[in-house]
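Participant: Sequence:
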Amino acid sequence: MSSVLIRRLRLPSHSRTFLYPTRHRYSTSSEPTVLKPPSPSHSRRNLLTLTLTAFVSLTAYTVGSIYPPPPLSLLFPSPAPAPPDPTSLESLEYTASLEKELLSLPLLQSLRAAPDAKEWYEARPYKNFPEERRVNNLTAGALRGPGKLAVPPVVWVRRDESESFVFIHVGRGLCGHDGIVHGGMLATLLDETMARTAINNLPERIGVTATLNLNYRAPTKADQFIVIKTKLGEVKGRKANVVARVEDMKGTLLVEAAAMFVQPKYAKLLNTATMRQVMGEPPKDDHEPVHLADGQDMKALRREK
744 MSSVLIRRLR LPSHSRTFLY PTRHRYSTSS EPTVLKPPSP SHSRRNLLTL
794 TLTAFVSLTA YTVGSIYPPP PLSLLFPSPA PAPPDPTSLE SLEYTASLEK
844 ELLSLPLLQS LRAAPDAKEW YEARPYKNFP EERRVNNLTA GALRGPGKLA
894 VPPVVWVRRD ESESFVFIHV GRGLCGHDGI VHGGMLATLL DETMARTAIN
944 NLPERIGVTA TLNLNYRAPT KADQFIVIKT KLGEVKGRKA NVVARVEDMK
994 GTLLVEAAAM FVQPKYAKLL NTATMRQVMG EPPKDDHEPV HLADGQDMKA
1044 LRREK
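The opening residue of the sequence shown carries number 744 in the numbering used here; numbering runs sequentially from there.
Treat the hints as calculated values from the structure; they're not laboratory data.
Among the hints, a few may not be true.
[As the list claims (entries may be wrong)] Taking lysine-lysine pairs in the DSS-like style, the calculated list, with each CA pair at most 25 Å apart, reads: (1) Lys982 - Lys964; (2) Lys982 - Lys972; (3) Lys843 - Lys993; (4) Lys972 - Lys843.
Based on the provided sequences and hints, a complete structural model is requested.
Facilitator: Structural data, given as C-alpha coordinates:
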(Lines of atoms letter the chains of each structure in order from A and count residues from 1; the text may use other names and numbers.)
(Lines give C-alpha, C1' and ligand atoms only; values in the text may rest on other atoms or scores of the structure.)
Protein backbone atom coordinates (compact mmCIF):
# COMPACT_ATOMS: atom_id res chain seq x y z
CA MET A 1 0.00 0.00 0.00
CA SER A 2 2.67 2.45 1.02
CA SER A 3 4.89 1.47 -1.88
CA VAL A 4 2.03 2.09 -4.31
CA LEU A 5 1.46 5.54 -2.80
CA ILE A 6 5.12 6.41 -3.09
CA ARG A 7 5.17 5.38 -6.74
CA ARG A 8 2.14 7.61 -7.39
CA LEU A 9 3.88 10.61 -5.78
CA ARG A 10 6.99 10.29 -7.87
CA LEU A 11 7.60 13.32 -10.09
CA PRO A 12 8.39 13.28 -13.76
CA SER A 13 12.02 13.17 -14.72
CA HIS A 14 12.12 16.73 -16.15
CA SER A 15 10.65 18.14 -12.90
CA ARG A 16 13.22 16.36 -10.85
CA THR A 17 15.90 17.89 -13.00
CA PHE A 18 14.52 21.41 -12.36
CA LEU A 19 14.20 20.94 -8.59
CA TYR A 20 17.38 19.00 -8.11
CA PRO A 21 19.86 20.06 -10.75
CA THR A 22 22.65 17.71 -11.35
CA ARG A 23 25.96 18.49 -9.81
CA HIS A 24 27.88 18.60 -13.04
CA ARG A 25 26.07 21.79 -14.15
CA TYR A 26 27.95 23.86 -11.58
CA SER A 27 31.18 22.01 -11.60
CA THR A 28 34.38 23.87 -12.42
CA SER A 29 37.61 22.69 -13.73
CA SER A 30 39.91 21.51 -11.06
CA GLU A 31 42.96 22.76 -12.96
CA PRO A 32 44.20 26.25 -11.82
CA THR A 33 44.28 29.12 -14.38
CA VAL A 34 47.78 30.23 -15.27
CA LEU A 35 48.24 33.93 -16.37
CA LYS A 36 50.89 34.34 -19.00
CA PRO A 37 53.16 37.44 -18.66
CA PRO A 38 52.97 39.95 -21.56
CA SER A 39 55.55 39.55 -24.20
CA PRO A 40 58.41 42.09 -24.34
CA SER A 41 57.29 43.39 -27.74
CA HIS A 42 53.79 44.11 -26.42
CA SER A 43 55.23 46.05 -23.45
CA ARG A 44 57.42 48.11 -25.76
CA ARG A 45 54.44 49.00 -27.95
CA ASN A 46 52.47 50.21 -24.91
CA LEU A 47 55.40 52.29 -23.70
CA LEU A 48 55.92 53.81 -27.15
CA THR A 49 52.22 54.69 -27.44
CA LEU A 50 52.22 56.33 -24.03
CA THR A 51 55.38 58.31 -24.84
CA LEU A 52 54.02 59.56 -28.19
CA THR A 53 50.71 60.56 -26.59
CA ALA A 54 52.49 62.54 -23.89
CA PHE A 55 54.78 64.22 -26.45
CA VAL A 56 51.90 65.22 -28.76
CA SER A 57 49.86 66.54 -25.83
CA LEU A 58 52.76 68.61 -24.51
CA THR A 59 53.55 69.97 -27.98
CA ALA A 60 49.91 70.92 -28.62
CA TYR A 61 49.70 72.65 -25.24
CA THR A 62 52.91 74.60 -25.87
CA VAL A 63 51.90 75.70 -29.39
CA GLY A 64 48.41 76.59 -28.18
CA SER A 65 49.85 78.72 -25.39
CA ILE A 66 52.13 80.65 -27.76
CA TYR A 67 49.71 80.83 -30.71
CA PRO A 68 46.22 80.32 -29.26
CA PRO A 69 43.35 79.74 -31.70
CA PRO A 70 41.20 82.88 -32.19
CA PRO A 71 38.17 81.60 -30.21
CA LEU A 72 40.37 80.66 -27.25
CA SER A 73 42.28 83.94 -27.32
CA LEU A 74 38.96 85.80 -27.27
CA LEU A 75 37.43 83.76 -24.47
CA PHE A 76 40.57 83.38 -22.38
CA PRO A 77 42.87 86.35 -23.13
CA SER A 78 46.28 86.47 -21.50
CA PRO A 79 46.45 89.00 -18.63
CA ALA A 80 48.06 92.37 -19.32
CA PRO A 81 49.45 95.05 -17.00
CA ALA A 82 47.54 98.25 -16.35
CA PRO A 83 48.39 101.37 -18.41
CA PRO A 84 51.65 102.84 -17.06
CA ASP A 85 52.23 106.34 -15.77
CA PRO A 86 52.24 108.64 -18.85
CA THR A 87 55.23 110.59 -17.52
CA SER A 88 57.45 107.55 -16.88
CA LEU A 89 60.44 106.77 -19.07
CA GLU A 90 58.83 103.48 -20.04
CA SER A 91 55.71 105.29 -21.28
CA LEU A 92 57.69 107.83 -23.25
CA GLU A 93 59.69 105.11 -25.00
CA TYR A 94 56.52 103.12 -25.70
CA THR A 95 54.75 106.16 -27.16
CA ALA A 96 57.75 107.01 -29.32
CA SER A 97 57.88 103.47 -30.72
CA LEU A 98 54.15 103.57 -31.52
CA GLU A 99 54.54 106.94 -33.24
CA LYS A 100 57.30 105.51 -35.42
CA GLU A 101 55.25 102.42 -36.22
CA LEU A 102 52.17 104.53 -37.02
CA LEU A 103 54.00 106.69 -39.55
CA SER A 104 55.45 103.62 -41.28
CA LEU A 105 52.25 101.56 -41.62
CA PRO A 106 52.22 99.85 -45.06
CA LEU A 107 48.75 101.15 -45.93
CA LEU A 108 49.69 104.72 -45.07
CA GLN A 109 52.92 104.40 -47.05
CA SER A 110 51.01 103.11 -50.08
CA LEU A 111 48.59 106.04 -49.91
CA ARG A 112 51.48 108.50 -49.78
CA ALA A 113 53.04 106.87 -52.82
CA ALA A 114 49.84 106.59 -54.85
CA PRO A 115 49.65 108.41 -58.21
CA ASP A 116 46.90 110.71 -56.90
CA ALA A 117 48.69 111.55 -53.64
CA LYS A 118 48.66 115.28 -54.49
CA GLU A 119 44.86 115.20 -54.31
CA TRP A 120 45.12 114.30 -50.61
CA TYR A 121 46.64 115.86 -47.52
CA GLU A 122 47.79 114.55 -44.15
CA ALA A 123 46.71 115.95 -40.78
CA ARG A 124 47.14 115.15 -37.07
CA PRO A 125 43.99 115.85 -35.01
CA TYR A 126 44.50 117.04 -31.42
CA LYS A 127 48.21 117.69 -31.97
CA ASN A 128 47.83 121.48 -31.70
CA PHE A 129 44.89 121.38 -29.30
CA PRO A 130 45.43 123.82 -26.38
CA GLU A 131 46.25 122.09 -23.09
CA GLU A 132 43.61 124.01 -21.15
CA ARG A 133 40.96 122.53 -23.43
CA ARG A 134 42.59 119.12 -23.79
CA VAL A 135 42.19 118.22 -20.09
CA ASN A 136 38.38 118.27 -20.33
CA ASN A 137 38.11 116.54 -23.70
CA LEU A 138 37.25 112.84 -23.92
CA THR A 139 39.47 111.53 -26.71
CA ALA A 140 42.13 114.25 -26.53
CA GLY A 141 42.38 114.23 -22.73
CA ALA A 142 40.68 111.57 -20.60
CA LEU A 143 41.39 108.73 -23.04
CA ARG A 144 44.82 109.93 -24.10
CA GLY A 145 47.94 108.10 -22.96
CA PRO A 146 49.83 104.79 -23.19
CA GLY A 147 47.55 101.78 -22.99
CA LYS A 148 44.65 103.86 -24.33
CA LEU A 149 44.87 106.30 -27.24
CA ALA A 150 48.64 106.58 -27.00
CA VAL A 151 49.35 108.74 -30.05
CA PRO A 152 47.31 111.28 -32.02
CA PRO A 153 45.73 109.71 -35.10
CA VAL A 154 46.98 110.26 -38.63
CA VAL A 155 44.31 111.43 -41.07
CA TRP A 156 44.80 111.04 -44.82
CA VAL A 157 42.11 113.26 -46.39
CA ARG A 158 41.04 114.02 -49.93
CA ARG A 159 41.41 117.75 -50.51
CA ASP A 160 37.74 118.13 -51.45
CA GLU A 161 36.93 116.64 -47.98
CA SER A 162 34.82 113.86 -49.51
CA GLU A 163 36.62 110.92 -47.90
CA SER A 164 39.38 110.07 -45.45
CA PHE A 165 41.51 107.33 -43.90
CA VAL A 166 42.03 107.69 -40.14
CA PHE A 167 44.78 105.58 -38.56
CA ILE A 168 44.39 105.00 -34.80
CA HIS A 169 46.10 102.79 -32.23
CA VAL A 170 43.72 101.29 -29.64
CA GLY A 171 45.31 100.12 -26.38
CA ARG A 172 44.41 97.48 -23.82
CA GLY A 173 42.87 100.06 -21.46
CA LEU A 174 39.94 100.62 -23.86
CA CYS A 175 38.41 97.16 -23.45
CA GLY A 176 34.99 95.94 -22.43
CA HIS A 177 35.69 92.22 -22.49
CA ASP A 178 39.38 91.80 -21.68
CA GLY A 179 41.39 92.02 -24.89
CA ILE A 180 38.46 93.32 -26.97
CA VAL A 181 37.94 97.05 -27.54
CA HIS A 182 34.65 98.29 -26.05
CA GLY A 183 31.88 98.75 -28.60
CA GLY A 184 31.10 102.17 -27.11
CA MET A 185 34.72 103.19 -27.65
CA LEU A 186 34.47 102.28 -31.33
CA ALA A 187 31.22 104.25 -31.55
CA THR A 188 33.00 107.29 -30.10
CA LEU A 189 35.87 107.02 -32.58
CA LEU A 190 33.45 106.60 -35.47
CA ASP A 191 31.38 109.55 -34.31
CA GLU A 192 34.42 111.84 -34.27
CA THR A 193 35.97 110.68 -37.54
CA MET A 194 32.69 110.81 -39.43
CA ALA A 195 31.90 114.20 -37.91
CA ARG A 196 35.16 115.54 -39.31
CA THR A 197 34.10 114.61 -42.85
CA ALA A 198 30.61 116.03 -42.36
CA ILE A 199 31.62 119.28 -40.65
CA ASN A 200 34.09 120.18 -43.38
CA ASN A 201 31.18 120.03 -45.84
CA LEU A 202 28.66 122.07 -43.85
CA PRO A 203 28.23 125.80 -44.56
CA GLU A 204 29.58 127.09 -41.23
CA ARG A 205 31.95 124.18 -40.50
CA ILE A 206 30.00 123.27 -37.35
CA GLY A 207 27.79 120.21 -36.82
CA VAL A 208 26.31 117.89 -34.22
CA THR A 209 25.40 114.20 -34.46
CA ALA A 210 21.75 113.61 -35.32
CA THR A 211 21.82 109.84 -35.97
CA LEU A 212 24.49 107.18 -35.69
CA ASN A 213 23.89 103.56 -36.76
CA LEU A 214 26.50 100.83 -36.28
CA ASN A 215 26.81 97.19 -37.31
CA TYR A 216 29.55 95.28 -35.48
CA ARG A 217 30.95 92.66 -37.83
CA ALA A 218 33.88 91.19 -35.85
CA PRO A 219 35.58 91.71 -32.48
CA THR A 220 38.19 94.47 -32.46
CA LYS A 221 41.28 93.24 -30.64
CA ALA A 222 43.18 95.68 -28.45
CA ASP A 223 46.83 96.69 -28.84
CA GLN A 224 46.65 97.14 -32.60
CA PHE A 225 46.32 99.78 -35.29
CA ILE A 226 42.96 100.19 -36.98
CA VAL A 227 41.88 102.36 -39.91
CA ILE A 228 38.53 104.14 -40.16
CA LYS A 229 37.52 104.87 -43.75
CA THR A 230 34.92 107.61 -44.11
CA LYS A 231 33.04 108.73 -47.21
CA LEU A 232 30.71 111.66 -47.69
CA GLY A 233 27.16 110.91 -48.76
CA GLU A 234 24.37 113.37 -49.52
CA VAL A 235 24.74 116.98 -48.35
CA LYS A 236 21.55 118.99 -48.28
CA GLY A 237 21.44 122.41 -46.64
CA ARG A 238 22.40 122.02 -42.99
CA LYS A 239 22.50 118.21 -43.16
CA ALA A 240 25.34 115.92 -44.18
CA ASN A 241 25.35 112.12 -44.37
CA VAL A 242 28.51 110.04 -43.96
CA VAL A 243 29.25 106.31 -44.12
CA ALA A 244 32.30 104.61 -42.62
CA ARG A 245 33.93 101.26 -41.96
CA VAL A 246 36.52 100.14 -39.41
CA GLU A 247 39.18 97.67 -40.54
CA ASP A 248 42.32 96.18 -39.07
CA MET A 249 45.63 96.32 -40.90
CA LYS A 250 44.84 93.00 -42.63
CA GLY A 251 41.68 94.45 -44.17
CA THR A 252 39.23 92.59 -41.92
CA LEU A 253 35.94 94.46 -41.60
CA LEU A 254 35.20 95.17 -37.93
CA VAL A 255 32.41 97.78 -37.90
CA GLU A 256 30.15 99.48 -40.44
CA ALA A 257 28.47 102.79 -39.68
CA ALA A 258 26.20 105.44 -41.14
CA ALA A 259 25.46 108.83 -39.59
CA MET A 260 23.77 112.16 -40.22
CA PHE A 261 25.16 115.44 -38.90
CA VAL A 262 23.23 118.69 -38.64
CA GLN A 263 24.50 122.24 -38.46
CA PRO A 264 22.75 123.99 -35.55
CA LYS A 265 20.92 127.24 -36.18
CA TYR A 266 23.23 129.11 -33.83
CA ALA A 267 26.36 127.95 -35.71
CA LYS A 268 27.29 131.48 -36.81
CA LEU A 269 27.69 132.48 -33.17
CA LEU A 270 30.30 129.77 -32.47
CA ASN A 271 34.05 130.02 -32.79
CA THR A 272 35.18 127.52 -35.39
CA ALA A 273 38.92 128.04 -34.79
CA THR A 274 38.97 125.57 -31.88
CA MET A 275 37.10 123.01 -33.94
CA ARG A 276 39.70 123.27 -36.69
CA GLN A 277 42.46 122.69 -34.14
CA VAL A 278 40.71 119.58 -32.88
CA MET A 279 40.16 118.09 -36.34
CA GLY A 280 43.55 118.99 -37.77
CA GLU A 281 43.88 121.56 -40.51
CA PRO A 282 45.36 120.89 -43.94
CA PRO A 283 48.98 122.03 -44.24
CA LYS A 284 49.64 125.26 -46.03
CA ASP A 285 51.11 124.83 -49.49
CA ASP A 286 54.48 126.60 -49.58
CA HIS A 287 54.40 126.59 -53.38
CA GLU A 288 51.15 128.52 -53.58
CA PRO A 289 51.70 131.79 -55.52
CA VAL A 290 51.70 134.97 -53.45
CA HIS A 291 49.65 137.93 -54.71
CA LEU A 292 51.13 141.20 -53.55
CA ALA A 293 49.29 144.46 -53.15
CA ASP A 294 50.73 147.58 -54.72
CA GLY A 295 53.70 148.88 -52.77
CA GLN A 296 54.03 145.80 -50.51
CA ASP A 297 57.60 145.07 -49.45
CA MET A 298 58.70 141.62 -50.67
CA LYS A 299 61.66 141.51 -48.27
CA ALA A 300 59.41 142.17 -45.30
CA LEU A 301 57.14 139.34 -46.39
CA ARG A 302 60.11 136.95 -46.56
CA ARG A 303 61.20 137.99 -43.07
CA GLU A 304 57.72 137.18 -41.75
CA LYS A 305 57.98 133.70 -43.18
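Participant: Output the indices of the hints that this structure fails to meet, ascending.
Facilitator: 1
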